[in-house]
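As you go down the protein sequences, you meet chains Y and Z in turn. The first sequence begins at 1 in the working numbering and counts up by one. The second sequence begins at 1 in the working numbering and counts up by one.
Mixed in with the good hints, there may be bad ones.
Coverage of chain Y stretches by chain Z, computed from C-beta distances (three or more under 8 Å per stretch; other residues unrestricted) [unchecked claim]:
1) 24–38
2) 130–144
3) 151–158
4) 161–168
Counterexamples of contact, computed for chain Z against chain Y with all Cβ distances above 10 Å [what the hints assert, rightly or not]:
5) Thr3
6) His6
7) Phe10
8) Leu67
The list that follows gives simulated cross-link-like pairs (lysine-lysine, PhoX-like), each with its CA atoms no further than 20 Å apart [as the list claims (entries may be wrong)]:
9) Y/Lys361 / Y/Lys434
10) Y/Lys101 / Y/Lys351
11) Y/Lys295 / Z/Lys98
12) Y/Lys366 / Y/Lys96
13) Y/Lys295 / Y/Lys434
14) Y/Lys37 / Y/Lys101
15) Y/Lys358 / Y/Lys273
16) Y/Lys295 / Z/Lys27
17) Y/Lys33 / Y/Lys101
18) Z/Lys100 / Y/Lys358
19) Y/Lys361 / Y/Lys273
20) Y/Lys96 / Y/Lys161
21) Z/Lys100 / Y/Lys161
22) Y/Lys358 / Y/Lys96
23) Y/Lys366 / Y/Lys273
24) Z/Lys27 / Y/Lys161
25) Y/Lys161 / Z/Lys98
26) Y/Lys361 / Y/Lys295
To be clear, the hints were calculated from the coordinates, so they are not data collected in a lab. Every residue gets a Cβ at the ideal spot worked out from N, C-alpha and C, and that includes glycine.
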Amino acid sequence: MNLNDTLMSLSNFAPEIFLFFMAMTILLAGIFKSLKKHVINITIVSTIIAMLLSFFAYTDDSVFIFNDSLIKSNVTEFFKIICYIVFLIQILISQKYLRDKELISGEFYSLLLFALIGCLIIISANNLITLFLGIELSSLSLYSLIALNRTSLISGEAAIKYFVLSIIASALILFGFSYLYGITNSLMINEIANYLSNNELSNLYLFSYILVFIGVAFKFAVAPFHMWLPDVYEGAPLPITNFIASIPKIAFFIFAYRFLNDNQILYDDNFSKFILYLGIFSIFIGNMYALAQQKIMRMLAYSGVANSGFIFLAIFASLEFNFSVAAFYVITYTVTTVSAISIITFISSNKFDVVYIKDLKGLSSKSGLISVLFMITLLSTAGIPLTIGFYAKYLVLDALVDQDMIITAVIVVLLTVIGLYYYLRVIWFMFFEKGFNSLVKSSGTINLIILSIIPLLIIAIFIFPDFVFSYLFAILT
Amino acid sequence: MITMTHYLVFSALLFCISVAGIFINRKNILLLLMSIELMLLSVNTNFIIFSNYSNDITGQVFVFFILAVAAAESAIGLAIIVSLFRARNSLEINLINKLKG
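Produce the entire structure from the sequences given, and follow the hints as far as they go.
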């Protein structure tokens, strides 16, 4: 690797390197009292700069950087920019909540940036070592972020649960990696994924892929590997929940895409059935458990389990289409979840935490706008027409029917209809019951504008879906 | 004569023992950390065996990264355990049951 290559690599990886240095700077700035109040602004500005760097360096051809250990293409850059935007929304919305809970500190934003960088590295990894380091960088930061609220009893518990199960997931992924390395004698993801074009499918290869995808299912919280998700949603501070629910999902989707794109293993009956059954079981478990929940975050968690099942179904359906259906679903899911959790963050304040669903009763009489926005978001998660969620679910079901999986499609539709009940219950509490306990502070017009933009997007993309979908189809082919 | 298969079976057994250790253990959180270490070490054994038998050094490089990450992981795990212990004065797993729906 000569000097020219190094410089080329550095310039292509500039946004992440810049973010890394800014994360260090923020950690340092948090120590000084005079700088501590600027920590938020530094984080916002540096994320915007990294996003712009990433945006202006956007090209259609793929470049391998740092001795082929990372890849930069239009797919990676597109999903990275989505990560940056989601991250910015989360930081802006969470300011008031963090100030109320006295959680603002240098290490909070520094660790959050490290978690973001980890996810960005997973997205652009082309080598098993970089991939593993990206996974660990993001999850190590998240363990400490969940446990950051040291006075809370439930935060520590959520952290230890996430810690143990996430390490089991990483170890399963690594165990699969070790066999893949033994079979293919290479650590390059593209060589591993193309191995089957020259060789027969062996049982060991299938076994290691299943191990890796059990690990991915853990990270996606697909049932039966979903046990940590409700506890983390309930126990972690809301801004962290917002992060865990969105950005790692995008990163692990790209992980799955890299391992399965152009890979003959998708045509293998055992493997595709494995993905399919996980997906159906997850939709079943998610919808059934969500019916019984009294706490709003646990309900959202189980609805997340059901949605992850849809993502797995979409990955199964990419057998004949490409990954654009799954990518569209992941983006839809991310947008709606971020909207829902941001609204709950916005309502919660130091005097009043929204914990139970019935805490939301009569919200419409205090703040009509917020309750309408929350309604649109919930309807999109449920998959009601006029929202983007409907179109995403329709695409998955369409792909299933095209593969003659009509019975599966019918079962999935029935389960989704059952799931409608718990979304409608929240809407019922907001509009038709009385007695909201707290004032929704009108402070923060910027926050209100951000919160309104996402539901507008949810409806707008439903009206013009081809705009996004055809673009995804083009870059993922 | 010890062949590659023996080594592979050995590391698979180690992995199974550590998974069992995590799920059967009902007493102490510290035992969980030991099981987690054992899990990552069994992966390391696998990498070293494959690297040795195929005369390819990259597998052993991977092992160093895994060792470093495992150390960082147990450091953070211990930190979480300390904060948990301060909050409730006990390390029994049965008492970690505040979160339920």
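To see whether the hints hold, each was checked on the structure:
| no. | hint | verdict |
| --- | --- | --- |
| 1 | 24–38 | violated (count 0) |
| 2 | 130–144 | holds (count 6) |
| 3 | 151–158 | holds (count 7) |
| 4 | 161–168 | holds (count 5) |
| 5 | Thr3 | holds (14 Å) |
| 6 | His6 | holds (14 Å) |
| 7 | Phe10 | holds (13 Å) |
| 8 | Leu67 | holds (12 Å) |
| 9 | Y/Lys361 / Y/Lys434 | holds (6 Å) |
| 10 | Y/Lys101 / Y/Lys351 | holds (10 Å) |
| 11 | Y/Lys295 / Z/Lys98 | holds (14 Å) |
| 12 | Y/Lys366 / Y/Lys96 | holds (19 Å) |
| 13 | Y/Lys295 / Y/Lys434 | holds (19 Å) |
| 14 | Y/Lys37 / Y/Lys101 | holds (15 Å) |
| 15 | Y/Lys358 / Y/Lys273 | violated (40 Å) |
| 16 | Y/Lys295 / Z/Lys27 | violated (29 Å) |
| 17 | Y/Lys33 / Y/Lys101 | holds (18 Å) |
| 18 | Z/Lys100 / Y/Lys358 | holds (17 Å) |
| 19 | Y/Lys361 / Y/Lys273 | violated (43 Å) |
| 20 | Y/Lys96 / Y/Lys161 | violated (28 Å) |
| 21 | Z/Lys100 / Y/Lys161 | holds (12 Å) |
| 22 | Y/Lys358 / Y/Lys96 | violated (23 Å) |
| 23 | Y/Lys366 / Y/Lys273 | violated (49 Å) |
| 24 | Z/Lys27 / Y/Lys161 | holds (15 Å) |
| 25 | Y/Lys161 / Z/Lys98 | holds (12 Å) |
| 26 | Y/Lys361 / Y/Lys295 | holds (13 Å) |
Consistency note: the structure conflicts with the earlier hints numbered 1, 15, 16, 19, 20, 22 and 23.
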